[in-house]
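Enquirer: Model the full structure from these sequences, guided by the hints.
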Amino acid sequence: MGFLEELRALFPPGRLLTKEAELAPYESDALTAYRKRPLAVVLPERKEEVVEAVRLCYRHGVPFVARGSGTSLSGGSLPVEGGLVLALNRMNRILRLDPKARIAVVEPGVVNLEVSRRAAPFGLYYAPDPSSQPISTLGGNVAFNSGGAHCLKYGMTANHVLALEVVTPKGEVVHLGGQSLEGVGPDLHGFFVGTEGLLGVALEITLRLLPKPEAYHTLLAAYESLEAAGNAVSQVIQSGLLPGAMEIMDRLSIEAAEAAVKAGYPQVEALLIVELEGPKEEVEEEAKLLARVMGESGATEVRIAQSEGERQAIWKGRKAAFSAVGRLSPDYIVQDGVVPRSRLGEALREIGRLSQAYGLRVANVFHAGDGNLHPLVLYDGKKPGELERAEALAGEILKLCVRLGGSLTGEHGIGVEKKGYMAEMFAPEDLLAMERVKEALDPKGLANRGKVLPGYGQSPHQGGLKTDLGELYA
Amino acid sequence: MPEIFASSLEEVREAVRTHPRLRPKGGGSKPALSSPQEGETLLNLSGLKGILEYAPEEFVFTAYAGTPLKEIEATLRTHGQYLPFHPPLVEQGATLGGTVAAGLSGPMRERFGGLRDFILGVRFVDGEGRVVRGGGKVVKNAAGFPFHRLMVGSLGAFGVMVELSFKVFPYPRATRTLRVGFSKPEEALAALEGLRTLPLDLLALDLVPPTTLEMRIGGFPESLGRRLKRLQDVLKREGEVLAEDEAHWERVRDLAFLQESPIWVKVPSRLDLIPTLESLPLGPRRYMAGGDLLYAGLEPHGLKALRDGGIPHLVLRGAQEVLFPSPPEAFFAPIKRALDPKGRFPLG
Ligand SMILES: Cc1cc2nc3c(=O)[nH]c(=O)nc-3n(C[C@H](O)[C@H](O)[C@H](O)COP(=O)(O)OP(=O)(O)OC[C@H]3O[C@@H](n4cnc5c(N)ncnc54)[C@H](O)[C@@H]3O)c2cc1C
Ligand SMILES: Cc1cc2nc3c(=O)[nH]c(=O)nc-3n(C[C@H](O)[C@H](O)[C@H](O)COP(=O)(O)OP(=O)(O)OC[C@H]3O[C@@H](n4cnc5c(N)ncnc54)[C@H](O)[C@@H]3O)c2cc1C
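Going line by line, the protein sequences match chains A and B.
Sequential numbering of the first sequence, starting at 1, is according to my numbering.
Sequential numbering of the second sequence, starting at 1001, is according to my numbering.
Hints listed in this document are in silico derivations from the structure and should not be mistaken for laboratory results.
Note that CB positions come from ideal geometry on N, CA and C, so glycine has one too.
Honestly, I wouldn't trust all of these hints.
Simulated crosslink set (SDA-like; lysine to any residue; CA at most 25 Å straight-line) [what the hints assert, rightly or not]:
1. A:47 / A:92
2. A:444 / A:35
3. B:1236 / A:213
4. A:100 / B:1181
5. A:100 / A:213
6. B:1342 / A:439
7. B:1229 / A:216
8. A:280 / B:1179
9. A:399 / B:1052
10. A:280 / B:1234
11. A:100 / B:1310
12. A:399 / B:1057
13. A:280 / B:1211
14. B:1229 / A:210
15. A:153 / B:1198
16. A:100 / B:1199
Quick list of the computed label-pair ranges, beta carbon to beta carbon [what the hints assert, rightly or not]:
17. A:289 / B:1234: 56 to 66 Å
18. B:1343 / A:389: 16 to 26 Å
19. A:82 / B:1092: 57 to 67 Å
20. A:4 / B:1319: 47 to 57 Å
Expert: See the structure below:
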């Protein structure tokens, strides 16, 4: 029997898509500049179906891509030409939520925000909060080690995953980790998180839940320059405070957010959001210190949320910033580099210079506490050459981040988009070690082929660097 | 037994290339793990030490793997910072690499998380003598395979760690400890259960069996009194307040309560597992991190009981078979094969 016939035996009509019109929505993820036509899409409803499909792929040598909601911004869930897409949205059950144990066991298609919603009646929540949390899935979050505004204090997805059930690319089902916060033996579930679907498909995920902070103190400060806002972040850190979140927005993103959701932001060069959280007595004391720091930071205006409504208003503009920037420009690339916090000022100055040099506007919204930049490179895809120019500019920014001692990605993954830049950050031997691990677990190179590793498969990336690891294999 | 010293990256590479089987050792505080077995050469890394980079403002440092934690903590303290996962056996000479390889966290892991939550990057020498880097030196990073997390609890299986980068946090300005006794174990357990879900930001939450809870809070001196009062109200008990609690917790994190026991184990615990664990013949012990982490001192029959009960554990001292259960073959073995094809290192 051929591959498709065997798939048909596994999936009833309606859950195996092969017609052109049915496949179209799966041809790309949120990075729509890349498109690939898969051979088929299956919609599993139980983990056994995923396992069987992966085994089938292994037997027939068919590459496959797991897909959650397709919100990847780096082409991570781009199909492999002629391969299978495992669309996991229907596997969206919270299997167990145990408030005493502070854990939730979920299927990979569960939407991030749903976990916190279900944990709320118990005073608990799931900490990692990517801006895409109302739509992105935990399977995608696990694959990308997704983050959000709270990573400095609470860490990224990897820190909140206690166990994983995974099907390896060879079709073997393994249990990694356990239900305790602590484990013994190699942290294999920690290693799986962030490998972007290259080492298998997560079938079941055990998450740790945290008690919801009792009190928040949220403040919005206005500055006459991005640099002044950046300096304020350093001053906060030096004072010994550990805020839950510190976010900066520049003029362009403030304008966009304002036009989109009318958050009532002052129209200035830079806004800083600082949020303290914890027991109310503690937050009260911290707020006094923060007020002193803000007073000395040169802020032209400081607003403190007096109610939950005012707090939500402050966050509304920030959370809407990405989509709001869409109003300023027909297209944009979201970049996601990281720099050491003390180099933020330098990085932003250089981004400003590059923006001038390339003749493209760049809006900056970022997780300042983590040094995680999100430059939004605005372009018009209909103008010949602009996409290429935007990609080149985005690439320059990534190289800048690495040069300053940072990283190519804080949370959006490498995908296809940044794999050409991996050699900027990693030495050939580092990449070779990744390739060897990939090859040992996935000898046929089927799981999310062509992503992350520059030497693997054919690169759909237009520009950027290519490395040849062939000689190292010899 | 043969023993060699390596105090630089190059010497580690050389050692790996020339010796068919190696057992890395940092300070030797977990001798069950770092004592060489038949056919192994001991690779002594105690000379591979020193802090390479430390930017207090970034909350990040990088140090050689053989650096004693004591040295690292002393440096951090001069800037008011600490390793929030509170690694054990500092006084006994534990090193950064040994702590990562063993995967150990101490009582204050309750507040911000364990070792796995703070490791940012690694440079290690794999079984072929290649230098491999994973992770990075910034607090947020998602690029490439996270080899640094693979090292946590690895017992040296994938390579010899040379350099490690960690995230650190500001040390609380002041701390207080409340010790509360209950009349029955079930009451203590119920109180523990209740505290776990409350937003009290406890630095440590320990059950000292059979019936005592110890809680540590940290923060502004001005707020601690009120927070302590609230804790007492929640528990409906006055308890005993340890104002100068530093020395107490240092003894706890150095596992001083295990001193008399021949065998030391770490057990990943859980609330629902505690009654089972309490029915076993375990010796002196303490449940940390709200009950998720048990360190116990055992006699051989206690160890046998753990094993017979199928309860996962790691032996730090006093036995040959250290890890139970073995890592899952289908995932572990290929990674081991990829990084240590000749089987130079422990495990598998
Ligand atoms: C408006 C917007 C805002 C965003 N904000 C953030 C943010 O603040 N922080 C952040 O980190 N990201 C952010 N993202 C990016 C994206 O939402 C995250 O990367 C998210 O984790 C992707 O989840 P998904 O379900 O859409 O996964 P997909 O895009 O479907 O897949 C992402 C990757 O995960 C793999 N994958 C999916 N499921 C599995 C599985 N079960 N097992 C193995 N691999 C799997 C895929 O193969 C792919 O490589 C944002 C995206 C958008 C569009
Ligand atoms: C009963 C006893 C009492 C002691 N008392 C004292 C004392 O009072 N004062 C004192 O100074 N010392 C004392 N020691 C010795 C001391 O414990 C060691 O110096 C030290 O603790 C070493 O611990 P470690 O964290 O370095 O891990 P180790 O025990 O050396 O190793 C733990 C694990 O990590 C692995 N490992 C270590 N480093 C690496 C690496 N870089 N890469 C890969 N794997 C690695 C090992 O192979 C092993 O699996 C005592 C020892 C014992 C047994």
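Enquirer: The structure should be examined with respect to each hint, and the outcome stated for every one.
Expert: How the hints compare with the structure:
For the given pair, residue 47 (chain A) sits about 11 Å from residue 92 (chain A) by alpha-carbon distance, which is consistent with the 25 Å threshold. The suggested pairing of residue 444 (chain A) with residue 35 (chain A) holds, with an alpha-carbon distance near 23 Å, which does not exceed 25 Å. Restraint check for residue 1236 (chain B) and residue 213 (chain A): the C-alpha separation of about 22 Å stays at or below 25 Å, so the hint holds. Taken as a hint, the residue 100 (chain A) and residue 1181 (chain B) pair is honoured in the structure, with Cα atoms around 21 Å apart against an allowance of 25 Å.
For the proposed pair residue 100 (chain A) and residue 213 (chain A), the alpha carbon gap of about 17 Å is at most 25 Å, so the pair holds. Proposed proximity of residue 1342 (chain B) and residue 439 (chain A) is supported: the alpha carbons are some 17 Å apart, at most 25 Å. Between residue 1229 (chain B) and residue 216 (chain A) the CA atoms are separated by roughly 21 Å; this keeps the pair inside 25 Å, and the hint holds. A threshold of 25 Å between alpha carbons decides the hint, and for residue 280 (chain A) with residue 1179 (chain B) the separation of about 23 Å falls inside it, so the pair holds.
For the proposed pair residue 399 (chain A) and residue 1052 (chain B), the alpha carbon gap of about 24 Å is at most 25 Å, so the pair holds. Under the criterion of a C-alpha separation no larger than 25 Å, the hint pairing residue 280 (chain A) with residue 1234 (chain B) is consistent with the structure, at around 15 Å. Annotation: proposed proximity of residue 100 (chain A) to residue 1310 (chain B) holds, straight-line Cα distance about 23 Å (limit 25 Å). For the hint linking residue 399 (chain A) to residue 1057 (chain B), the alpha-carbon distance of about 23 Å falls within 25 Å, and the restraint holds.
Using a Cα cut-off of 25 Å, the hinted pair residue 280 (chain A) and residue 1211 (chain B) is violated, with the two alpha carbons roughly 29 Å apart. At most 25 Å may separate the alpha-carbon atoms for a hinted pair to count; residue 1229 (chain B) and residue 210 (chain A) meet this at roughly 23 Å. At most 25 Å may separate the alpha-carbon atoms for a hinted pair to count; residue 153 (chain A) and residue 1198 (chain B) meet this at roughly 18 Å. Between the alpha carbons of residue 100 (chain A) and residue 1199 (chain B) the distance comes to roughly 14 Å, so the proposed pair stays at or under 25 Å and holds.
In this structure, residue 289 (chain A) and residue 1234 (chain B) break the distance hint of 56 to 66 Å, their C-beta atoms being roughly 27 Å apart. Judged by the Cβ atoms, the range 16 to 26 Å given for residue 1343 (chain B) and residue 389 (chain A) is violated: they are separated by roughly 51 Å. Against the hinted window of 57 to 67 Å, the Cβ-Cβ separation of residue 82 (chain A) and residue 1092 (chain B) comes to about 58 Å, which satisfies the hint. Under the hint 47 to 57 Å, the C-beta atoms of residue 4 (chain A) and residue 1319 (chain B), about 55 Å apart, fit the expected range.
In this structure, the earlier hints numbered 13, 17, 18 are contradicted, and the remaining ones agree with it.
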